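Enquirer: So the protein lines, in turn, are chains A and B. The opening position of the first sequence corresponds to residue 24 in the working numbering, with each subsequent residue numbered one higher. The opening position of the second sequence corresponds to residue 38 in the working numbering, with each subsequent residue numbered one higher.
None of these hints come from the bench; they were simulated from the model. Keep in mind that a hint or two might mislead.
As the list claims (entries may be wrong) - Below, computed lysine to aspartate or glutamate pairings styled on EDC-like, alpha-carbon distance capped at 20 angstroms:
no.: 1; chain 1: B; residue 1: Lys420; chain 2: A; residue 2: Glu63
no.: 2; chain 1: B; residue 1: Lys413; chain 2: A; residue 2: Asp258
no.: 3; chain 1: A; residue 1: Lys60; chain 2: B; residue 2: Asp370
no.: 4; chain 1: B; residue 1: Lys420; chain 2: A; residue 2: Glu84
no.: 5; chain 1: A; residue 1: Lys59; chain 2: A; residue 2: Asp95
no.: 6; chain 1: A; residue 1: Lys142; chain 2: B; residue 2: Glu183
no.: 7; chain 1: A; residue 1: Lys59; chain 2: B; residue 2: Glu387
no.: 8; chain 1: A; residue 1: Lys70; chain 2: B; residue 2: Asp418
no.: 9; chain 1: B; residue 1: Lys215; chain 2: A; residue 2: Asp95
no.: 10; chain 1: B; residue 1: Lys189; chain 2: A; residue 2: Glu68
no.: 11; chain 1: A; residue 1: Lys200; chain 2: B; residue 2: Asp370
no.: 12; chain 1: A; residue 1: Lys59; chain 2: B; residue 2: Asp418
no.: 13; chain 1: A; residue 1: Lys270; chain 2: B; residue 2: Glu425
no.: 14; chain 1: B; residue 1: Lys413; chain 2: A; residue 2: Glu68
Note that this is a predicted model, so its numbers are computed, not measured.
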Amino acid sequence: MKKFKISNLKFKIIVGYLYGDLMNIYGDTGNIIALKKRAEWRGIEVKIINISVGDKLKKEEADIFFFGGGQDQAQELVSADLIKSSKGKVIKKEIERGVPLLSICGGYQLLGDYYKPHKGPKLPGINLFPAYTLASHDRMIGNIVIESMFGQLVGFENHSGKTHLKKGATALGMVRKGWGNNGKDRTEGCIYKNAVGCYMHGSLLPKNPKLADWLLQKALEVKYGKEIKLEPLDDTLELKAHALAIKKFG
Amino acid sequence: MRLIAAILLGKTVAFLTKLLKIGGGSAAPGLYALSIEPNLVKKLALKIPRNIVITGTNGKTTTARMLAHFAKESGLKVIRNHTGSNLERGIASALIHKSSIINHQSFDLGIWELDEAAFNSVAPKLNPDIVVFLNIFRDQLDRYGEINTVLKNWQETLKKLPSDTKVLVNGDDVNILKLSSAFKGKVQKFGVKDFKIIGESIFHKKEQENLDFEAKNVKLNGLNGSSFVLRTTNYELRTILPLPGIYHIYDTLAAFACAHNLGLPINQFTNSLTHYTPAFGRVEKLDLPRLASGKAGLGYIFLIKNPAGATQVFETIAPNLKPNDTLLLALNDNLADGTDVSWIWDGEFEKLRTTNYELRTICSGSRAHDLAIRLKYAEFDPKRITIEPDLQKAFKEARRSQKGRLFILPTYTAMLELQSILTKSGVKKHYWKEI
Numbered sequence: 024m025k026k027f028k029i030s031n032l033k034f035k036i037i038v039g040y041l042y043g044d045l046m047n048i049y050g051d052t053g054n055i056i057a058l059k060k061r062a063e064w065r066g067i068e069v070k071i072i073n074i075s076v077g078d079k080l081k082k083e084e085a086d087i088f089f090f091g092g093g094q095d096q097a098q099e100l101v102s103a104d105l106i107k108s109s110k111g112k113v114i115k116k117e118i119e120r121g122v123p124l125l126s127i128c129g130g131y132q133l134l135g136d137y138y139k140p141h142k143g144p145k146l147p148g149i150n151l152f153p154a155y156t157l158a159s160h161d162r163m164i165g166n167i168v169i170e171s172m173f174g175q176l177v178g179f180e181n182h183s184g185k186t187h188l189k190k191g192a193t194a195l196g197m198v199r200k201g202w203g204n205n206g207k208d209r210t211e212g213c214i215y216k217n218a219v220g221c222y223m224h225g226s227l228l229p230k231n232p233k234l235a236d237w238l239l240q241k242a243l244e245v246k247y248g249k250e251i252k253l254e255p256l257d258d259t260l261e262l263k264a265h266a267l268a269i270k271k272f273g
Numbered sequence: 038m039r040l041i042a043a044i045l046l047g048k049t050v051a052f053l054t055k056l057l058k059i060g061g062g063s064a065a066p067g068l069y070a071l072s073i074e075p076n077l078v079k080k081l082a083l084k085i086p087r088n089i090v091i092t093g094t095n096g097k098t099t100t101a102r103m104l105a106h107f108a109k110e111s112g113l114k115v116i117r118n119h120t121g122s123n124l125e126r127g128i129a130s131a132l133i134h135k136s137s138i139i140n141h142q143s144f145d146l147g148i149w150e151l152d153e154a155a156f157n158s159v160a161p162k163l164n165p166d167i168v169v170f171l172n173i174f175r176d177q178l179d180r181y182g183e184i185n186t187v188l189k190n191w192q193e194t195l196k197k198l199p200s201d202t203k204v205l206v207n208g209d210d211v212n213i214l215k216l217s218s219a220f221k222g223k224v225q226k227f228g229v230k231d232f233k234i235i236g237e238s239i240f241h242k243k244e245q246e247n248l249d250f251e252a253k254n255v256k257l258n259g260l261n262g263s264s265f266v267l268r269t270t271n272y273e274l275r276t277i278l279p280l281p282g283i284y285h286i287y288d289t290l291a292a293f294a295c296a297h298n299l300g301l302p303i304n305q306f307t308n309s310l311t312h313y314t315p316a317f318g319r320v321e322k323l324d325l326p327r328l329a330s331g332k333a334g335l336g337y338i339f340l341i342k343n344p345a346g347a348t349q350v351f352e353t354i355a356p357n358l359k360p361n362d363t364l365l366l367a368l369n370d371n372l373a374d375g376t377d378v379s380w381i382w383d384g385e386f387e388k389l390r391t392t393n394y395e396l397r398t399i400c401s402g403s404r405a406h407d408l409a410i411r412l413k414y415a416e417f418d419p420k421r422i423t424i425e426p427d428l429q430k431a432f433k434e435a436r437r438s439q440k441g442r443l444f445i446l447p448t449y450t451a452m453l454e455l456q457s458i459l460t461k462s463g464v465k466k467h468y469w470k471e472i
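Work out the full structure, taking the sequences as your base and the hints as a guide.
Expert: So this is what it looks like as C-alpha cells:
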C-alpha cells in the first residue's frame, strides 16, 4: 500500500479545511483523513490547514477545500465571517479557476444563496451553488444512495434544512434511496465546476473512493497545469463496503 | 387504582418476557405500565426517601453502580435502573419490579441514570435530592441532537429544580460548567487536578477551577487501574481504583461526591472500591474457558459507543498492548447504537495502532466493513484484518488461535449480543440477573 512513484514525489497538496474547528459535526473529519491517506499512499505530500473565523484567505493558498457541517450557532458565526473576511469571494474565484471543493450539510447550505432558519433572518450564503435552503420541521435522516456522474454514492444524511436547486443548477445526483436535497424532487446535492455540495455524511469519501480520487486529481491538475492520472490503489475493502451499503440500503 | 393496575400489567409483561426469553425485562414492563399510568414514576418515586439522578454522555452506569455498591455496603437499601436502560420506561420497569401491591417495600435510596434527552422529562418526576452532570460529548446526533441543544434543555430543566437540590457538576468539562449559572442554588464541582476536558479531549490544564471534590496525585497503573488521593474540604483519602483510564476517575469522583452529600461513611469508600466489580462491558475482565491447547484465556471487554468514549478506551488500552494480543471490534448500527456510523471517523483509531508490530485484528458487527475501512485509514494493514460480521463466528475465530489476551470492543447492541454468546459458552451470567 505504501508504494509510490518517484515521479509523484514532487507533488504536494494543501487541503484547506474551512472552519474545521467549528464545522466538523459528525464524521466530517473522515473526509479529510480519506483525502490525506489516498494522496499519501501515492507518495503525494499533504498538508492540512484550518481556515477559520477571522483568517484571511489568499488565492492559491489551498489546492482543495473541504467544508463540513456545524451546529446552528456555529453556522451563524461562519455565515457572517465568510462575508466579513471576504473568504466567500476568494473561494468563489478559486472555484472559477477549477479548484475542487467538497462541502457537506451546513457547509453546502452556506455555499448557496442563503439559509432561512425557523426564527431570525436569513443567513446569507456566498452564491456559489444556485440553490437556497429553508429550515423545515422534517428531520431527513437515514442511509442514502444516489446515482451520480461518479456512479452510485452511498452515505448517511441527517438534516432538516430543505435545499432547492434553482434553474440552471446541476444536481450531484438523483436519489435512489433516502431524502436528498428536500425530500421531494429526488435531487441530491449540487455540482458546479469542480465544487461538490451534498448532505451525505458517512463519512462520504472513504466509502466512495472514486469521488475522493476525482477531487485529488482535479486539485493536482489545477495546481500543476497538466493532465494527471492517479496511480490506482487497492480499493477492494472500500468497494466491498460500498457494494454492501447499496445492497442493504439501496 | 390505576397505579395498581399499571404495576400489575408491568409485572405480567416482565413475567412473560422472561418466560418467553424475549429480553431482559428492562424496558417493556415500564413501557406498558406507563401507557396506563403516565404518572407512575412520580408516584412510586415519592415513596423513596432520597433520589439521585445521574446524566451525561459517558460514565453513567459506572458511577451509578459504584455509588450503589458503596451505599449498599453502608447498609442502605438501594433501588436503581439496571442494564443501561436509562429512559423513563427503564426506570418504570425497575420501580415496578421492586414494587409490591400489598405492602410497600421500603427503599432508602434511588439511584437513577438518565440519558441526555430523558433527563429533561424524567428528572423532575423523580424529585431528586442530588443531580449529577458527568460530561457532555458528541453522541448519536440522530437521537440527542446537537450539544448546544442538549445543554440548553438541561439549563431549562435545572432552572425548575428547587434551590436546595444538590447539583454536582464536572468542573473540568467546560461545557458542563456552563450549566452552573442556570441553577438557583449552590453548585458543587468535582474534577481531576491538572486535567481539563475541552470538546472531545482531555487536556492538561493551566489554571485550576475551585473544586469541591478533587482527585490529585494521580498515577495510572496500566490495565489494573489507577491510584490517587480524593480530596474534599478538610478531608483526604488515598484511593486505589481497580478500573483503568482517567475517565473512570471522574466516575469515582462523582460517586464519592454523592456519598459525601448523602452523609455516608466516606472513610470506607476506598475499602468498598476494592471489591467493586464493573458493570457489564465496562472494562470487564473475563476468564475465558481453557483453549484446546490447555491455555487459559484472558479477555477484556471495553464498550465503545461514541467518539470521546472510544478514544478514551484506545488511550487506555494502547500502551498495554502486546504483540500476541488479539483485537475484536464489533460495530452495529441498530437504533441503540445509533444508525449513523459516521462517528467512527471522529474516534481516534489511530491511537489504537501499534507501530512496531501488527496486531491480529477482527472486525465484526452489522457494519464490520465500515470498521475495517476506518482501521485501514488509521494505517492498520488491511491484510491483517479479518472481517466477520457474525459476532458469534468472529468470537470463535478470535478464540481459535488466541495466543495473548483478547480485547473485545463492542458497540452497545454488539455488547448485549456478546453477553449472550458468553453466557452460552458458560463464561457469564445473564446481565439482567446482576445485582
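Enquirer: Decide, hint by hint, whether the structure agrees.
Expert: To see whether the hints hold, each was checked on the structure:
no. : hint                 : in the structure
1   : B:Lys420 to A:Glu63  : holds (19 angstroms)
2   : B:Lys413 to A:Asp258 : holds (11 angstroms)
3   : A:Lys60 to B:Asp370  : violated (26 angstroms)
4   : B:Lys420 to A:Glu84  : violated (37 angstroms)
5   : A:Lys59 to A:Asp95   : violated (28 angstroms)
6   : A:Lys142 to B:Glu183 : holds (17 angstroms)
7   : A:Lys59 to B:Glu387  : holds (14 angstroms)
8   : A:Lys70 to B:Asp418  : violated (23 angstroms)
9   : B:Lys215 to A:Asp95  : holds (18 angstroms)
10  : B:Lys189 to A:Glu68  : violated (43 angstroms)
11  : A:Lys200 to B:Asp370 : holds (17 angstroms)
12  : A:Lys59 to B:Asp418  : holds (17 angstroms)
13  : A:Lys270 to B:Glu425 : holds (17 angstroms)
14  : B:Lys413 to A:Glu68  : holds (19 angstroms)
Hints 3, 4, 5, 8, 10 from the earlier list are contradicted by this structure; the remaining hints agree with it.
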